[in-house]
Amino acid sequence: MNYQPKKLIKDIDPNDVQKFKESFNINTKVLTEGDEGYEKSILRWADNAIKKAGIVVQATCLEDIVKTVNFANKNNLDFATCCGGHSTSGSSSSEGGIVLDMRKLNKVRVDAEKKLIYAQGGALFGEVDSEAWKHGLATVGGIVHHTGIGGLSLGGGFGHLTSKHGLTIDNIMGATIVTADGEVRELSANKNEDLFWAIRGCGINFGVVYEFIFKAHEQKEVFAGLLLFPAEKLDSLVEAFNLWLKVRGVDENASFLFNRFPPENKPTIGVLLFSNDPSEQVFREKFSLIYKCGEPIIEKVERMSYPELNMLVSQTNDYGDRKAMLNAQINCLNISSIRKVYDSYIKFTNENPETSQTDIVFDLHSAEKFAAIPPDSTAFHPRKQIYNVVIIQRWKNEHDDKIVYNWAKSIQNILSKDGDETLYVNFVDTSDYEEYDEKKLKNGWGENFERLKELKRKYDPNVFFRKGAVIFP
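By full-length UniProt numbering, the letter at position 126 of the sequence shown is numbered 126, and the numbering carries on one by one without gaps.
If you're looking for bench data, these hints aren't it; they were derived computationally from the structure.
Hints are supplied without guarantee of correctness; some may be wrong.
Derived EDC-like pairs: lysine to aspartate or glutamate, alpha-carbon spacing no greater than 16 Å straight-line [what the hints assert, rightly or not]:
| id | residue 1 | residue 2 |
| --- | --- | --- |
| 1 | K458 | D111 |
| 2 | K396 | D359 |
| 3 | K300 | D318 |
| 4 | K384 | D359 |
| 5 | K340 | E211 |
| 6 | K134 | E221 |
| 7 | K453 | D437 |
| 8 | K52 | E63 |
| 9 | K52 | E22 |
| 10 | K215 | D359 |
Per label pair, the in silico range of CB-to-CB distance [unchecked claim]:
| id | residue 1 | residue 2 | range |
| --- | --- | --- | --- |
| 11 | P473 | S236 | 49 to 55 Å |
| 12 | I298 | V247 | 39 to 45 Å |
| 13 | S236 | P262 | 50 to 56 Å |
| 14 | P473 | E113 | 18 to 24 Å |
| 15 | I403 | G37 | 32 to 38 Å |
| 16 | E285 | I26 | 56 to 62 Å |
| 17 | G294 | L62 | 40 to 46 Å |
| 18 | C61 | P473 | 29 to 35 Å |
Here the structure is a predicted model, which means the values were calculated and not measured.
Ideal Cβ placement from N, Cα and C applies to all residues, glycine included.
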């Protein structure tokens with residue numbers, strides 16, 4: 001691949017940089033190291049994703065996006081877009097390049113009559129949830145309320161409502177995007193259809209999204225919460241979940257995870273249960289198989305609003321520390337493999353106590369809705385019953401980075417026999433520990449990969465957008 005290496009701000013004529021900074025109006029801050037607000041602007045969810053940007057543009061309007069993309073592309077600058085800043089590999093950051101900070105572009109408005117949500121690209125899902133809830137509506141979004149809508153939506157998007165309403169991308173009705181050439185393009189089923197197809201599952205390969213239009217659905221209060229079981233209940237819980245999967249409906253969802261419960265960091269099995277009905281009786285009937293496993297150590301379940309549901313696990317997914325997220329996709333709950341994963345988790349966290357806040361999460365979404373959509377109808381390809389296993393690593397010291405990463409790869413290998421090599425694009429990031437691997441990208445996009453390469457040649461032939469799971473044409 002013969003693509004020009006990206007330049008940094010220090011490589012650009014200082015006069016050109018100064019003219020660029022002075023071209024913005026008074027409402028838009030353009031920050032460099034030493035400026036008030038600069039250090040806060042480069043903060044990210046994971047400490048290892050924090051990089052010293054050469055310039056941070058805190059956009060306040062569409063023109064700011066166009067201007068920043070044009071300047072960065074003209075000068076072949078390393079470029080990153082930051083919405084929620086949750087990327088653990090640093091794809092929302094730049095070491096010495098230019099960062100387009102979208103977080104001031106976070107307005108959300110709802111057309112209750114048409115059941116549409118218009119959300120600027122820098123909004124968080126918590127902001128989308130809160131505004132939609134005022135009208136008794138909701139859309140499919142992330143389960144951590146401080147997740148940005150941009151990154152999650154472009155890669156696919158799983159949430160509590162996936163079983164009933166599909167993926168986040170299945171609920172995108174349109175978007176306004178700025179492509180590498182600085183053009184503003186409106187996308188929908190009837191406008192720029194090729195790009196509209198691509199952004200629904202392509203990751204951050206084709207442009208900066210100024211605004212998303214989401215389909216909204218009528219939403220009532222729900223009954224949900226968290227249970228904590230002793231580790232010796234693992235086998236019975238997996239058996240119970242396998243029985244539940246045979247009878248589950250689209251108005252319920254469950255996840256379970258391996259974690260260590262503070263302050264003693266004792267190994268436990270956490271369970272998150274969600275019933276899309278406000279009745280406690282309905283909740284307990286739906287999850288009676290889980291409760292038959294025995295009395296939980298902790299039970300915190302209650303009636304709540306949909307925005308509150310998406311805050312249940314936010315506290316344990318707070319900012320700080322070094323983090324990495326890898327995933328595996330499995331098509332069954334194999335107790336033998338799950339036991340191996342658990343034993344490896346216990347051994348690793350015992351030997352590396354600073355990783356004790358690491359979790360392994362098994363998300364049990366039903367694919368009934370999103371698997372009914374043909375794989376070639378959007379860029380997102382794995383339209384089949386899969387369960388996402390998310391390895392959420394958390395640790396303190398940089399010298400442990402490679403150890404933690406290699407361990408997560410070993411977990412992926414254990415689970416590989418229970419699925420295939422399909423990967424969820426939102427967890428395929430370019431990192432310091434991986435070379436470009438086209439085979440991995442083919443596994444993520446399947447038969448859609450060649451079409452995505454063609455579109456990359458058309459809209460971004462020089463690979464200006466070069467973060468995350470990068471498509472090289």
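Status of the hints after comparison with the structure:
The straight-line distance between the Cα atoms of K458 and D111 is roughly 34 Å, outside the 16 Å bound, and the hint therefore fails. The suggested pairing of K396 with D359 holds, with an alpha-carbon distance near 15 Å, which does not exceed 16 Å. With a C-alpha separation of about 20 Å, the suggested pair K300 and D318 falls outside the 16 Å cut-off, and the hint is violated. A C-alpha spacing of about 25 Å is found between K384 and D359, which places the hinted pair above 16 Å, so the restraint is violated.
The hinted pair formed by K340 and E211 fails the criterion: a straight-line CA distance of about 44 Å is larger than 16 Å. Distance hint between K134 and E221 is fulfilled; the C-alpha atoms sit about 12 Å from each other, no more than 16 Å. Between the alpha carbons of K453 and D437 the distance comes to roughly 14 Å, so the proposed pair stays at or under 16 Å and holds. Distance check on the hinted pair: K52 and E63 sit about 25 Å apart at the alpha-carbon level, beyond 16 Å; violated.
Restraint check for K52 and E22: the C-alpha separation of about 21 Å exceeds 16 Å, so the hint is violated. As the CA atoms of K215 and D359 are separated by approximately 32 Å, the hinted pair breaks the 16 Å bound. Judged by the Cβ atoms, the range 49 to 55 Å given for P473 and S236 holds: they are separated by roughly 51 Å. For I298 paired with V247, a C-beta distance near 26 Å fails the hint of 39 to 45 Å.
Between S236 and P262 the CB atoms are about 25 Å apart, so this pair departs from the stated range of 50 to 56 Å. Checking the proposed 18 to 24 Å range against P473 and E113 shows it is violated: the Cβ atoms sit about 42 Å from each other. With their beta carbons about 35 Å apart, I403 and G37 fall inside the hinted range of 32 to 38 Å. Range check, E285 to I26: about 59 Å between beta-carbon atoms, so the 56 to 62 Å window is met.
At roughly 56 Å, the beta carbons of G294 and L62 sit outside the given window of 40 to 46 Å. A C-beta distance of roughly 31 Å is found between C61 and P473, which places it inside the suggested range of 29 to 35 Å.
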